[in-house]
Amino acid sequence: MIHRDMICPFCGCLCDDLVITTEGNEVVQVDNACTLGTHKLMGAWKNRLKNPIMRDGGEWRDASYEEAIEYAAGVLLDADRPLLYGWSSTQGEAQGLGVSMAELLGGVIDSTTSVCHGPSILAIQEVGHPGCTLGQVKNRADLVIYWACNPTEAHPRHMSRYTTYADGFFLENAFRDRKLIVVDVRKSETTSIADEFVKVKPGGDYAVFSALRAIVRGRADVVPDTVAGVSKEQLVRIGAMCKEAKFGALFFGVGLTMAPGKYKNIRNAIELVDELNRYTKWTLTPLRGHYNVYGSNEVFTWMTGYPYAVDFSRQIAFYNPGETTAVDILARKECDACLIVASDPGAHFPKACLEHLTKIPTVLIDPMHTVTTPLCRCQIPTAVNGIDAGGTAYRMDGVPIHVKKFMDLGYPSDTEVIGRIFERIQEVKHP
Amino acid sequence: MSDLLIKNAFVIDPINRINGEIMDIAVRDGRIVEDVGQGAEVIDAGGHLTLPGGVDSHTHICGTKVNFGRYMSPEDMRAGREARRGVKHSISGYSVPTTYANSYRYAIMGYTTLLEGAMAPLEARHTHEEFSATPLQDVMANTLFDGNWGVMEAIRDGDIERAAAIVGWTLSAVKGFGIKLTNPGGTEAWGYGKDVTCIRDKVPHFEVSPAEIVEGMIRVCELLRLPHSVHLHCNNLGKPGNYACTVGTLNLAPDLNEKRQTLYATHVQFHSYGGSDWKTFCSKAEPVAYTVNNRPQIVIDMGQVMFGKTTTMTADGPMEFNLYRLHHDKWSNHDVELETGSGIIPVLYRRKNLVNSIMWSIGLELALLVKNPWQCMLTTDNPNGAPFVKYPEIIALLMSKKYRDAEFATVHPDTGSKVVLPALERELDWNEIAVMTRAGQAKALGITGIGKGHLGIGAEADIAVYPLKVDEIDPSTEYQRVIDGFAKTKWTVKRGRPVSRDGEILVHGENTTIWVDPKIRPERDISRDPRFVEMFNHWYSVRMSNYPVQDEYLRRNLRMETEAAI
Amino acid sequence: MRIILTMRPRKNPFIPIEAEGIVPSILMTGAEITVWEGNRERRLDEVFEVAVEGEAATVEEVEVVLRGDTSRLKRVGEYMDGGRITVEGDIGMHCGNFMKAGTIEVMGNADGWFARELCGGTVICRGDAGHYCASGYRGEKKGMTGGRVEVFGNAGDFAAEHLAGGEVVIHGNCGDMAGVEMHGGTLSIGGDCSRPCGNMTGGTCTVLGCAYGMIPTFQAKGETNGPDGKNISAFTGDIANRGKGSLLVRRYQYLK
Amino acid sequence: MTFLFNTGRTSAQGTGLEHKSGPEYREATSVCRMNPVDLMQLEIEAGERIRAAGPGGVVVLRVAASDDIPQGTVFVPLGPYANAVVGAETHGTGMPDYKSVEVEVEPTDDPVPTIDQLMEAVGGLAYLEEER
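Protein chains in written order, with our numbering: chain U, 71 to 501; chain R, 94 to 659; chain Y, 13 to 268; chain C, 113 to 244.
Treat the hints loosely; a few may be bogus.
[Stated by the list, open to error] Where chain C lies over chain Y, by a calculated footprint (3+ residues, C-beta under 8 angstroms): (1) 141-148; (2) 163-171.
[What the hints assert, rightly or not] So the derived list for chain R, only partly shown, Cβ under 10 angstroms to chain U, looks like this: (3) Ala119; (4) Asp122; (5) Ile184; (6) Ala226; (7) Trp283; (8) Gly434; (9) Pro439; (10) Arg443; (11) Asn639.
[Claimed, not checked] DSSO-like, lysine-lysine: derived pairs with alpha carbons at most 27 angstroms apart: (12) R:Lys581 to R:Lys562; (13) R:Lys445 to Y:Lys154; (14) R:Lys402 to R:Lys295; (15) U:Lys269 to U:Lys257; (16) Y:Lys112 to R:Lys402; (17) R:Lys445 to U:Lys249; (18) U:Lys316 to R:Lys295; (19) R:Lys295 to U:Lys313.
These aren't lab readings, by the way, just hints derived from the structure by calculation. C-beta: ideal position from N, C-alpha, C; glycine also.
Looking at chain U on its own, in the form it has when it is part of the complex:
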């Protein structure tokens, strides 16, 4: 069977033009997707955990869904401070259930945002976000900046769908008329195609943004001859390019959010874009990683008021990243049970956090055997959203897209499994 206009459940680009060919329960061909998306779609029907598994002392054993769900509910109900983490690679419907469950339990709910673009959100909360949908960039931008990111490797179709290689309504020859500036601490595949490559010393992004802001507002006089490895001459040239553009678009990645200063780097980037808007049109967009991490922020926000890291211990939403974020809670040993949904902290969290995960009852809801599997006491496999499950996802620019199911392998969706755990919890909390 051929399925057209399918949605890729890999990165925040959320490409929606895939053509997927299936034969029975097998994906035989994927067209239009990048290597990352193709790999996920071609392989996802393999490598699935066959059934729930549980640990008995030093042994793994198979379990029924019934038993695993019962166990998960029990662990969460017993906890004084349960942590519900993950939520980026699942559908919005499951995320909403997760929030309601955290609220009823008096737990903390956090998404992978906190180790991805959480700092971007902290910055937006200080100064706002001059943004736009990606089609706006595609049709108008004559200057694109990629700052501390590597779309060629992490968002491979970003440039062909939305920037450098995309057609633009207002650009006669989009490829020729669009300039590209890349800023990074190292050379990468993306830097090699740039009109201008700015090599910044590690940890120097903040200083470079400050210098550009001063230059754009006509105060180049205060800027020293070099700033974090970048010559003043180059900075002045770039400042001029930015002001001359008719529509500029700044994209940035975790190279800014993870570097020293964290959210202050992003704040400075936003304030540079604000400054540029006094002269011409500029927008800024974080390159979000997981295909639906932005959805978790949206759902959390309308339900709790906060995009991530929400603590319901006292039945009132409280938010303070650095205190209510997963890495801090785990490293400080502040939770006594953990439910992980659709994410892999085993692969992405510092070691100290993993040590605590193994010491408390940890339940993992994930279709695959992942790095986190050895750390938990129970894993419940579910269907993969965009393959054998469907639901809502939000693209990196906030556009909501319905992710479609195109085959059935007999697994329950995240929404169903979490719904069943939630039902058990409601039976106890709302008898």
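Dock chains R, Y and C against chain U, hints included.
Structure of chains R, Y and C alone, referenced to chain U:
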């Protein structure tokens, strides 16, 4: 569903010309009926003021922009926090509260139907997701067409039927309710950081003027026979001297529809400014109200400003950037490709500030100067002028000259020379308030026929009982009692079920989403038009097949099919 | 009146306890207060041994003493309006937040958000303070607006972020981004720090050690006399933000 | 020798994400890219192994040479190996120092551990599908 009988209700129901009669209201299966049997649940209204459930014909409660207002404002969430209890979820927020907070607070004030004022079609799915999390009100979304490429091209080419085909298809596809134009043409110009200054400017590249967009869309609206008229946020919002542009725009609207207005102009307070800069800024509510009084085809809403903190949010991107340059506080902007824009900034309206004091006066002046209450609705453009929880204070201000004078004494001392408010003696009565907060709003939206805004037989049993004894209160002196009374119902009944009592939320409900589905001849189906499909798939960043909102996003919904004339 | 609260041993000593009721003016009334251990609400005496000595007519005569492992005890002294709190060991996050009057003295270390959004009174830490000492809250434009914070050890990152008024004295070193976004008040750092005062628009920050990674958009204003009488380099900025703050540093290094 | 340790996404790491128990993911995430000059100074060659010690702990990695990596820095893709070195300090932001951490690097003959070994070292229990 069980039967309900509300006894001893002091009913004001303007649509059915009932102005203060003690009656019993019988409810069966969510509708008002002649009579119910013995087994019905009984609510004794005890002679208290009983109105049809409140209708807000212009508010911002759900969708991309509203949620971004929350997302960027953790400081706003520090106010209005309440713990989870029983069926009630925990809530947070003051000017940009969570969906549950909006829903509970509206319910406690007796509101049962809400119109989200601005939904970008591309992001409609988001609005519908939040509608599902707004449990206690029926909801609908005005759909933004101010910078729609296909529409602007069709209007430029003089092909109104094509414009209607695009609008009709879009409304059906995104499950929208009516046509919203926000700074028509200006949002497209903002794509390159520009704006239009008034209705005769040409939109860059598209070579069409705001006036042509407004006039064209009025004809589109009537061709599609939509229940609601074109809903317009005029160009030039918030700028000194903009009243001339507003009056010019209002004069564009012909009288085409006998059932309702042909043009609904929203938050007109923000568009009734005189002067040529902030120093000479003054009220021009009089010429605007004069225009409305002479043109029965116009309905406006106030967009009242109340003092305090709030968050401004609108699809009018360029206006928000101007505000940012004034306040230098945080600023968010979100342009939506081929369709519209939006912006958000937090503001603080201060009594000590002359401009803010004049704005406060203008909204009240409009409501008092427009003679026919069916032509002026009570709103704050929530949360732009103030959060909707300020409505009871606005009601009291309109009912009491004494209260207005007391408040006027606290605003900037120079305000008197810039406004006419102190000279206005009019005090609105209970019936007029009922018109401006439900009956008139339902009529303007064209939803009285589906049982909104009145309490006649067959109407939806959306009923608000306020702890107010009309015979025992003199609103012109006892304004605090009016405020308290409208702030919290004794009972709010939604679709025949009590949902709140004395400020307590009783149930976790499920709303109905009301949307419009114009029936267009198949040969005019724009989704089969090669030029349109080509334009769509080439310049949008989503495929056309992934654009329509799937039925599963509307749990409970009411489809209003219209017989389009194309 | 002396109220001595001694933390009882706990089954899980890592679960944080929120105790915004531990404020002299509340405790002096003898009101029954509760604290939250994770999602469980507990009576004060379930968590602490409570001993009361003497009486007090006004809040100024009240001293609350905290003993035992109070390193995970949060929000102590929130909205405090007078009297004194002495913490004999370490204290958890948000100690003294929104405090208006009185004195808090921590003999050990203080965790993050120490004296957050302080309005008045004196908050002292004899050991080290964590990140966001004397800072603001997420999204809020103004941080601390008044009062005095004194840390004898070091402070972490983002010290005095959004400072709008009052006085912050760190005798030791500060981490990264001290005084970032500050628009009023004074910040004095006895030792070194990195990247001080980015985006500053007002107020005065003095660094008696070395400012590493100096923000490149401050305008040099020559030498002046430091608070210790020795010469110090004066800067104004942050020019990137149209700022007019005053930054005085003994030594500085740019990230070239 | 002290190096600045940097992590990031790569497409090899990305494609491995969906099958992390497979060998491709292990290969993709246990490689440490360094400037050739630094390799010479450490007296090792590409394909050999180093021990990297950072605030979070110690891990053995396989070395690859890359001119794109500035001298004095090393690059390890995001994943369990990088995270054995990264500390859990977030500076009150929720985000650990995945970029710009200082590490001590020295040559070693020790083998690169498997991911299961890394997880068992923190108290986990490997799940071996083939045994089942």
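Has the given pair, Lys581 of chain R with Lys562 of chain R, been kept, meaning a C-alpha gap of at most 27 angstroms?
-> holds (14 angstroms)
Are the Cα positions of Lys269 of chain U and Lys257 of chain U separated by 27 angstroms at most?
-> holds (8 angstroms)
For the pair supplied as a hint, Lys445 of chain R and Lys154 of chain Y, confirm whether the alpha-carbon distance does not exceed 27 angstroms.
-> Given pair Lys445 of chain R, Lys154 of chain Y holds - Cα atoms ~21 angstroms apart, limit 27 angstroms.
Restraint satisfaction for Pro439 of chain R [CB to CB of chain U, less than 10 angstroms] | At 9 angstroms from the nearest chain U Cβ, Pro439 of chain R passes the 10 angstroms test, so the hint holds.
Hint validity - Ala119 of chain R Cβ closer than 10 angstroms to any chain U Cβ | violated (33 angstroms)
Lys295 of chain R paired with Lys313 of chain U [C-alpha distance capped at 27 angstroms] | Holds, at roughly 25 angstroms.
Quick one, are Lys402 of chain R and Lys295 of chain R close enough, alpha carbons at most 27 angstroms?
-> violated (36 angstroms)
Counting residues of the stretch 141-148 of chain Y whose CB is closer than 8 angstroms to a CB in chain C, do you get three or more?
-> This one holds; 3 residues, not fewer than the three required, reach chain C with a Cβ under 8 angstroms.
Is the hint on Arg443 of chain R kept, meaning its closest Cβ partner in chain U is under 10 angstroms away?
-> Violated - the Cβ of Arg443 of chain R stays beyond 10 angstroms from chain U, reaching only about 21 angstroms at its closest.
Verdict on chain C covering the stretch 163-171 of chain Y, where coverage means 3 or more residues with a C-beta closer than 8 angstroms = Satisfied; 3 residues make the cut.
Holds or violated: Lys112 of chain Y with Lys402 of chain R, Cα cutoff 27 angstroms?
-> The hint holds at about 23 angstroms.
Satisfaction of the Trp283 of chain R interface hint, Cβ to chain U closer than 10 angstroms | For Trp283 of chain R, the interface hint holds, since the closest Cβ of chain U sits about 8 angstroms away, which is under 10 angstroms.
Hints 3, 4, 10, 14 and 17 from the list above are not met by this structure, while the remaining hints are.
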